[in-house]
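Starting from the given sequences, assemble the full structure and let the hints guide the process.
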Amino acid sequence: GEEVAQTPKHLVRGEGQKAKLYCAPIKGHSYVFWYQQVLKNEFKFLISFQNENVFDETGMPKERFSAKCLPNSPCSLEIQATKLEDSAVYFCASRPTAGAYEQYFGPGTRLTVT
Amino acid sequence: GQSLEQPSEVTAVEGAIVQINCTYQTSGFYGLSWYQQHDGGAPTFLSYNGLDGLEETGRFSSFLSRSDSYGYLLLQELQMKDSASYFCAVRDRGEKQAGTALIFGKGTTLSVSS
Chain A
1 GEEVAQTPKH
11 LVRGEGQKAK
21 LYCAPIKGHS
31 YVFWYQQVLK
41 NEFKFLISFQ
51 NENVFDETGM
61 PKERFSAKCL
71 PNSPCSLEIQ
81 ATKLEDSAVY
91 FCASRPTAGA
101 YEQYFGPGTR
111 LTVT
Chain B
115 GQSLEQPSEV
125 TAVEGAIVQI
135 NCTYQTSGFY
145 GLSWYQQHDG
155 GAPTFLSYNG
165 LDGLEETGRF
175 SSFLSRSDSY
185 GYLLLQELQM
195 KDSASYFCAV
205 RDRGEKQAGT
215 ALIFGKGTTL
225 SVSS
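Order-wise, the sequence lines are chains A and B. The first sequence: position 38 = 38 (the numbering used here), numbered continuously. Add 114 to a position in the second sequence, counting from 1, and you land on the number used in the numbering used here.
In short, the hints are calculated from the structure, not lab data. Think of the CB as a built atom: it goes at the ideal place given N, C-alpha and C, for glycine as much as any other residue. Accuracy of the hints is not assured; some may be wrong.
[Claimed, not checked] Every beta carbon over 12 Å from chain A, so not counted as near; a handful from chain B, in silico:
hint: 1; residue: Gln133
hint: 2; residue: Thr137
hint: 3; residue: Gln139
hint: 4; residue: Phe177
hint: 5; residue: Ser179
[Claimed, not checked] Going by beta-carbon spacing under 8 Å, a handful of chain B positions derived as facing chain A:
hint: 6; residue: Phe143
hint: 7; residue: Ser147
hint: 8; residue: Gly155
hint: 9; residue: Pro157
hint: 10; residue: Phe159
hint: 11; residue: Thr214
hint: 12; residue: Leu216
hint: 13; residue: Lys220
hint: 14; residue: Gly221
Here's what the structure looks like:
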């Protein structure tokens, strides 16, 4: 598609529960990024993929967060044992292979941990 | 460390001109971008400066001075719909590192009144 799609729009989890978020990048875009935005403030980078390969995971709290981008499937971000501090909007973005400087963002998934 | 500084809030009236400044400190530098975000929705790309100077796109212009590690976004003929948050962002690795994430500032909330 021509837009980055993210599901679900909202997700509510009790502390300690698992949360799984999905992202379908724009068709033909090779690079996928996950960002976390807390309280409409700055975006914290989590992880990026080049096709199905992890490119950069320096922002990921690896003990509880994991992510995948498998061929012919939406990308996913999974949080095991959610904490209150994980409450945020998680944005997925994609970027074409070459040329453009722009990252195309999806509408985000609002995760609320109670 | 890497950081971007921009004002937290700016207010203006319809028809006015407003400038949002951004200073950055990064280990490398490969361009300054600006994104607009309405009410926590998907950020949308506004402009990119890879070289020094002014880039103009309709009512919006963006400027970069690499020697001063400084840029700004200029919004002219302000309209109510321009009320949003504006984020400056940098890439600290080059074009070959296409999977490199953006590093964002904390955003400037622009309020336009009639």
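Now for the hints, and whether the structure bears them out:
1. Even its closest Cβ contact with chain A, about 20 Å, leaves Gln133 (chain B) beyond 12 Å, as expected for a residue assigned away from the interface.
2. Listed as outside the interface, Thr137 (chain B) is consistent with that label: its C-beta sits roughly 15 Å from the nearest C-beta of chain A, beyond the 12 Å cut-off.
3. For Gln139 (chain B), the requirement that its beta carbon stay farther than 12 Å from each beta carbon of chain A is met, with the minimum near 15 Å.
4. A cut-off of 12 Å between C-beta atoms confirms that Phe177 (chain B) is not in contact with chain A; the least separation is 16 Å.
5. Chain A leaves Ser179 (chain B) outside its interface by the beta-carbon criterion, the shortest separation being 18 Å against a cut-off of 12 Å.
6. Proximity of Phe143 (chain B) to chain A is violated relative to the hint, the smallest CB-CB distance being about 13 Å (cut-off 8 Å).
7. Using the Cβ-Cβ criterion of 8 Å, the hint placing Ser147 (chain B) at the interface with chain A is satisfied: the shortest such distance is roughly 6 Å.
8. Against a cut-off of 8 Å between C-beta atoms, the interface hint on Gly155 (chain B) holds, since the closest Cβ of chain A lies about 6 Å away.
9. Satisfaction of the interface hint for Pro157 (chain B) is found here, the shortest Cβ-Cβ separation to chain A being roughly 5 Å, below the 8 Å cut-off.
10. Because the closest C-beta pair between Phe159 (chain B) and chain A is about 4 Å apart, less than 8 Å, the hint holds.
11. Annotation: interface hint on Thr214 (chain B) holds; nearest CB of chain A at approximately 7 Å, less than 8 Å.
12. Evaluation of the Leu216 (chain B) hint against chain A yields a held restraint, the C-beta minimum of about 6 Å falling below 8 Å.
13. Given the 8 Å rule on beta carbons, the hint for Lys220 (chain B) holds: about 4 Å separates it from the nearest Cβ of chain A.
14. The interface hint given for Gly221 (chain B) is met, as the beta carbon of that residue sits about 7 Å from the closest beta carbon of chain A, less than 8 Å.
Checked against the numbered hints given earlier, the structure breaks only hint 6 and satisfies all the rest.
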